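Following the hints, position chains B, C and D against chain A.
The primary structure of each chain is shown beneath.
4 protein chains.
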Amino acid sequence: MIIVMKQGAPKEHIDHIIAHLQKKNLEPVPLIGVERTVIAVIGDERLLDTKHLRAMPSVGQVMPVLRPYKLASRETQPKDTVINIKGVKIGGKDLTIMAGPCSVESQEQISLTARAVAATGAQILRGGAFKPRTGPYSFEGHKEEGLKMMKKAAKESNMLIVTEVMDARDIDLVSKYADILQVGARNMQNYTLLRELGKTKKPVLLKRGLCAKLKEFLLAAEYILAGGNPNVILCERGIRTYEDDMRNTLSIGAIARTKELSHLPLIVDPSHATGRASLVSPAALASIAAGADGLIIEVHPNPEEALSDGDQSITPEQFKELMYKMVPVAAAVNKRISLTPPDEPKKPKKR
Amino acid sequence: MIIVMKQGAPKEHIDHIIAHLQKKNLEPVPLIGVERTVIAVIGDERLLDTKHLRAMPSVGQVMPVLRPYKLASRETQPKDTVINIKGVKIGGKDLTIMAGPCSVESQEQISLTARAVAATGAQILRGGAFKPRTGPYSFEGHKEEGLKMMKKAAKESNMLIVTEVMDARDIDLVSKYADILQVGARNMQNYTLLRELGKTKKPVLLKRGLCAKLKEFLLAAEYILAGGNPNVILCERGIRTYEDDMRNTLSIGAIARTKELSHLPLIVDPSHATGRASLVSPAALASIAAGADGLIIEVHPNPEEALSDGDQSITPEQFKELMYKMVPVAAAVNKRISLTPPDEPKKPKKR
Amino acid sequence: MIIVMKQGAPKEHIDHIIAHLQKKNLEPVPLIGVERTVIAVIGDERLLDTKHLRAMPSVGQVMPVLRPYKLASRETQPKDTVINIKGVKIGGKDLTIMAGPCSVESQEQISLTARAVAATGAQILRGGAFKPRTGPYSFEGHKEEGLKMMKKAAKESNMLIVTEVMDARDIDLVSKYADILQVGARNMQNYTLLRELGKTKKPVLLKRGLCAKLKEFLLAAEYILAGGNPNVILCERGIRTYEDDMRNTLSIGAIARTKELSHLPLIVDPSHATGRASLVSPAALASIAAGADGLIIEVHPNPEEALSDGDQSITPEQFKELMYKMVPVAAAVNKRISLTPPDEPKKPKKR
Amino acid sequence: MIIVMKQGAPKEHIDHIIAHLQKKNLEPVPLIGVERTVIAVIGDERLLDTKHLRAMPSVGQVMPVLRPYKLASRETQPKDTVINIKGVKIGGKDLTIMAGPCSVESQEQISLTARAVAATGAQILRGGAFKPRTGPYSFEGHKEEGLKMMKKAAKESNMLIVTEVMDARDIDLVSKYADILQVGARNMQNYTLLRELGKTKKPVLLKRGLCAKLKEFLLAAEYILAGGNPNVILCERGIRTYEDDMRNTLSIGAIARTKELSHLPLIVDPSHATGRASLVSPAALASIAAGADGLIIEVHPNPEEALSDGDQSITPEQFKELMYKMVPVAAAVNKRISLTPPDEPKKPKKR
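Chains as they are written, first to last, in our numbering: chain A, -11 to 339; chain B, -11 to 339; chain C, -11 to 339; chain D, -11 to 339.
Next up, chain A with everything else stripped away, as it sits in the complex (with noise of 0.2 Å):
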């Protein structure tokens, strides 16, 4: 960490703390500038809670060197993560491709879009049964009658489930139907939501928040490893920016800068990410080349009567075009992607 004190900094601020810090056990060495004293602090920062410093008389900035995450960054782990669920890999250097729609509407629906999508390839089945909503008058799904609507698409099909837990309190219940439970955005700072699921095993989808920096997403993430489930996975889903004419920003170099930051799966959700149908198929290609290690699409066999996210979902044509063009972009950048329909999942091993 690096101390940088206001110009005339009397001495006794400096020894007041000089002292603090090593009574924490660290080793401050103080450097006399031209303008300013400098005190650098050697030994680990994180030890430490910067704002205590940020008060202390005479203190102008706190600068902290390390990260303050350790699991989720791959200075700890340089190898990438890989999650295998009931055989089918996420991370390293197979695709995964999770697809559904936004909402389980019905049993034909849901049913008809897992045939449909797993047809090209999609191996995990998304679809909401809780869903939040930013006003109090909209549909909020199916609750524990999607999941099982869910379960049977997703057997049929040879799917795994991936879908949303809003609530510590129904992780035990969604955990019946999901193989693997996805934190929304809206609760990426759920720390309530986050240390619980970090006592479970399951795989977690977490995604970034709509204004979290990568440091704060990562941080999250670091909530469930700490907690003793090395299971997370990524997703990013844009950010909101001052430009209004998508739902958000998909950052090119949001996808390739946590690739580089941490050893964790990445999936990218192109629909919410830009809020339009005829922008998912680019996007899609553009977060494979951007190093993705799969993506999360909105199918609907009918988008313009989907009760929510309509306008942000393919069709299941659109979905097997877009699979295709997958293919020669995924090869370009050292990934492989299947496009037949997945194997029955494999027996999880007991634990």
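Possibly wrong hints are sitting among the right ones.
Note that the list lumps identical chains together, so a pair holds whenever it fits in one copy or between two copies.
Simulated pairs of lysine to any residue, SDA-like, Cα-Cα distance not exceeding 25 Å [what the hints assert, rightly or not]: (1) 187 <-> 158; (2) -6 <-> 123; (3) 131 <-> 146; (4) 58 <-> 264; (5) 77 <-> 312; (6) 131 <-> 183; (7) 203 <-> 266; (8) 201 <-> 125; (9) 58 <-> 23; (10) -6 <-> 65; (11) 164 <-> 218; (12) 81 <-> 65; (13) 67 <-> 313; (14) 12 <-> 290; (15) 201 <-> 263; (16) 67 <-> -2; (17) 58 <-> 232; (18) 190 <-> 69; (19) 67 <-> 217; (20) 11 <-> 293; (21) 308 <-> 319; (22) 308 <-> 46; (23) 74 <-> 329; (24) 308 <-> 322; (25) 308 <-> 45; (26) 201 <-> 120.
Calculated directly from the structure, the hints in this document are not laboratory data.
For clarity, every value in this text was computed on a predicted model and none was experimentally measured.
Just chains B, C and D, lined up with the frame of chain A:
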């Protein structure tokens, strides 16, 4: 609602939409323009999910005309809401000052602070017992022990208590001690929590999310109001922007605009909004001048030893100076502020 | 255009607006809704200054229906514009690669770089002779001397030249050397400069402003087009957001969306957009996958000695590797890319 | 400056950097930490281009310690700058009020407005003769004719004139009429213009760019100061954020923080900052409370007929009411404001 069709939209697409709207008991009025056709819709568009419409063929744009929130809107209730808690009024002519440390650290710290801020007119004691923290390795608060300390301190100084509830399961516990339940910025869209708070009558201080639009902020309030709890107090605490020199960006316009859009009381948090002790006083004065109904301010007897957010806490002396400066500003905008210690809280009426 | 009146707007205010619109030869259609009156306007609303309307009594919102730009819009010209400069085509099926150092530093540096990037297919040499710098104390470029060095280097390697013009008074000078005049992001709304460039026929590479909306970006292009110069090349270089881990945020959606909205060629600058050499290659591939018509990349033979922006420059070896990776990605989106040195530029036709 | 090396940086990379710094007459101090090595640099780092360092092998981060601007900084000059123009003081104890229409439309309009605003204390007449417009099809102002009208109006009411100069070539022309030259937000980084203004002694009102950081804003001022013109007046006019309910986001913190960082006078433009006439008054009062040295306000005798920005103009009556409200707010922050018509401007001293 206004539906703008794409250029060259065929007649059958237009007819399809008209039929859809009529089925929903709305009255569509097609307007054939020079370059495009526009369909104006008469009726309560809030009954309609606009996303369906966006997904229909040849639809270019869908523009809602009515605001999506009703109960929070000044159009529904032109008069300012005044919330009376044991004799302390929030909203209307009176400025309400909430003050206290970021975290409750010890009985001495909280009692001392309470006495100091009550002495110049603060009526409500703030302090964190359950603390949301960005990383999993930081101090998280003394939990119920902290609530007990707050209760004691508040009682000694005739103050009310506002403190955060982070999880729906803690509402009962926190309600035993607190007069106002705070929903933190990271939980503004935790709909489970909002719905549960809607079922109580307990006053709620709802903090604006880090990147919430005003519309979303008022929709979050609508969740609580729609559940049957009319006692919602809005709290502006700045938003995240590209400006990185301060913790957040506190928008003058948002303060004035929120008061225009809604009848609910609005409290400003200049401490989190700026993140710098030196800016708290000008930001507080400016908030009052812009129309805020009160302030929530971090005060710590010894900021440099604070266990959290010390760099943005002011001392009791600085708080006192600020209270005196507020008097003429309050007068300039027709608000009253008291500089005397609060009276004993009135017994709450049975409901 | 749609004019939404405030609730309870009196009839005389509505009549006043109707009369105003009729005077302007537009056809107003009042629609009396349940809660509000809406006036739909038939005719070319671009002839109207909407700000007048917004200031009229009882007007709530004014929503334009048509896009404010015409010449840049794909609605006006559905087919891709292809700009042919001495045989090098920009737009359409071909990917165009512009490469070179941030600043022209010496004859040796620029010639060496030109040879290196031309060897694997770059056709256009980039390099700054006039450099805009955030602070007044930084290196500002070699001015005309630098242009001469570029000219020599480009000639040796059969390349064309793109370089920035910072002031309308320099257009003639820079045009003597450059084939494409670049307008920097900071000058995207320098209307004097845009108007003067509209009077020439010289191709213009117009960089998107740091916080320009897509609409404003296309309106800036419209300035040049409206002046009579059809040779506008758009350049996406990322926008400023709260995300501070990278220099800028390069939006995948913006690339795809710009191609949807406009027929003009779109070049992406992955170097400025990410500000990190390690992210240039994934960002470049992703841009192509998203639909870009080419790239402008900073390449420096020795990035650590670069006089500006060394941290985002890649080496000639990295550039070569990137060019090879681009081939399959280009194929996946139906684009051609050449890996062979450019032919001698064709003599420009007299105009 | 602090240079943080990557983990495992080899000794020769560290030595390479140390040698480089020593060559530049700086004193590098290497600090070997637990996980990383940090090199602290003693000396005036502003002489160094940090981008070189960032491009060097094994360099992780480069953190400047000193601010990049000198002349604009309060560290260099602790005392408030007061600019005296013909007896009107800007900065220090006095609040300066600039008011007038967005565009000069006719002699009658400008004279009428001048009289109205001078009557309650405005000392400086604002008005656009050269108007920057986002699209090429909008009204661009009456140019020199407009300047003549302003001159006449200002003279009648004993006011000074502030008006925009959009191009370096117009400085002489505009200077003949104006007392203060305004640099618009879109031109804040038009370095040609800034440099030319640095060569004059004419007071400059420098508007903050739409997405300029405070550091960049002060660096733009530094351009003018470094050229030899000490008469720079900063103007805050809001920034662009995701919040789309108002034209811009006016940051309370930015006002107070700019006054902390710089000794230059700061004027706030509540009209452009909010874009809504109803918010001008609260935003103006809040700006004063936050520490601004004055205001620049759009006033139009008949806002609905304004040729530009009518929706954010207030009427002379509203202006008068605002001036009266400002008195107690000004007093609360130790500022003086005059409600009487200005005296005849003093003859400028020869320089």
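Hint-by-hint comparison with the structure:
no.	hint	verdict
1	187 <-> 158	both (14 Å within a copy, 19 Å between copies)
2	-6 <-> 123	between (48 Å within a copy, 23 Å between copies)
3	131 <-> 146	within (22 Å within a copy, 46 Å between copies)
4	58 <-> 264	between (36 Å within a copy, 23 Å between copies)
5	77 <-> 312	within (20 Å within a copy, 29 Å between copies)
6	131 <-> 183	both (23 Å within a copy, 16 Å between copies)
7	203 <-> 266	between (31 Å within a copy, 18 Å between copies)
8	201 <-> 125	between (31 Å within a copy, 18 Å between copies)
9	58 <-> 23	between (35 Å within a copy, 12 Å between copies)
10	-6 <-> 65	between (38 Å within a copy, 15 Å between copies)
11	164 <-> 218	within (20 Å within a copy, 37 Å between copies)
12	81 <-> 65	within (17 Å within a copy, 43 Å between copies)
13	67 <-> 313	between (29 Å within a copy, 23 Å between copies)
14	12 <-> 290	between (62 Å within a copy, 19 Å between copies)
15	201 <-> 263	both (21 Å within a copy, 17 Å between copies)
16	67 <-> -2	between (48 Å within a copy, 21 Å between copies)
17	58 <-> 232	between (35 Å within a copy, 20 Å between copies)
18	190 <-> 69	within (15 Å within a copy, 46 Å between copies)
19	67 <-> 217	within (18 Å within a copy, 51 Å between copies)
20	11 <-> 293	between (65 Å within a copy, 14 Å between copies)
21	308 <-> 319	both (18 Å within a copy, 18 Å between copies)
22	308 <-> 46	between (62 Å within a copy, 23 Å between copies)
23	74 <-> 329	within (15 Å within a copy, 50 Å between copies)
24	308 <-> 322	both (21 Å within a copy, 17 Å between copies)
25	308 <-> 45	between (63 Å within a copy, 20 Å between copies)
26	201 <-> 120	both (22 Å within a copy, 17 Å between copies)
Of the numbered hints stated above, none is contradicted by the structure.
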